[in-house]
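A.B. asks: Mapping of the sequence shown onto this note's numbering: residues 1 to 231, in sequence order.
No lab work stands behind these hints: they were computed from the structure.
Where is the CB? At the ideal position from N, CA and C, for every residue including glycine.
Hints should not be assumed to be uniformly reliable.
As the list claims (entries may be wrong) - Distance ranges between label pairs, derived from CB positions:
no. : residue 1 : residue 2 : range
1   : Ser58     : Thr3      : 33 to 43 Å
2   : Glu117    : Pro9      : 14 to 24 Å
3   : Pro183    : His79     : 38 to 48 Å
4   : Gln222    : Pro23     : 34 to 44 Å
5   : His145    : Ala122    : 39 to 49 Å
6   : Gly25     : Gly56     : 36 to 46 Å
7   : Met153    : Ser12     : 36 to 46 Å
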Amino acid sequence: YNTKTFPTPPDSWQVVFVEQNLPDGKSNKGRVQAYDGPIYIADAALFVKATQPQLGISDPYQLTEEQYQAVLKVLRDQHSLIHRYWHDTTVQMSDFKNEGVVASSAWPYQANALKAEGQPVATVFPKEGVTGWADTTMLHSEAKHPVCAYKWMNWSLTPKVQGDVAAWFGSLPVVPQGCKASPLLGEKGCETNGFNYFDKIAFWKTPVAEGGKFVPYSRWTQDYIAIMGGR
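Please put together the full structure from these sequences, using the hints given.
C.D. replies: Right, here's the structure in full:
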């Protein structure tokens, strides 16, 4: 978020989902962004879980038809507020600098890069919680050089490499020792990148129907494309 627009950090996703005047007295219309992937439905589900508790959402990736329709309504209502559905990190950074965008979901990478440039940008974990992901490296079943691949994987798991990668992307090392092994990441890098917020992160997973109980990811994909197109 832009610290000039928000002298106090916004504590709720409401600033990107509900039309309102922001602390600078201007509307949020055309000044907020949303991610352009169907998985963003889960972000809206976290907001609905907190604001419409009667729907009984417990897992933002397992939505019944009724819950799902309530989440889609929030996203359709949001459409008129959106400056851009972002995908490219560089484009989003430019939008914050040049296009008047003041609040959005984002990754630490964009925020850290903008801060390094001296831009008035900071991050906050809203009270409703956030989504996030863990990257996985897998070995192909028919890899031609499995020994070499395992050596690379073992190297990639060493604390310093984990810390260096975390510093570059604004993520967290999968090896906790990486928090203290990288001069690039620094003493407080893990703290800055959200190490203490794990309990507030709903990690990405593929929504599955489980015999028709929940709405599967194929529908998420179709419906989110429609919403981004204004339908």
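A.B. asks: If any of the earlier hints don't hold here, list their numbers in rising order.
C.D. replies: none
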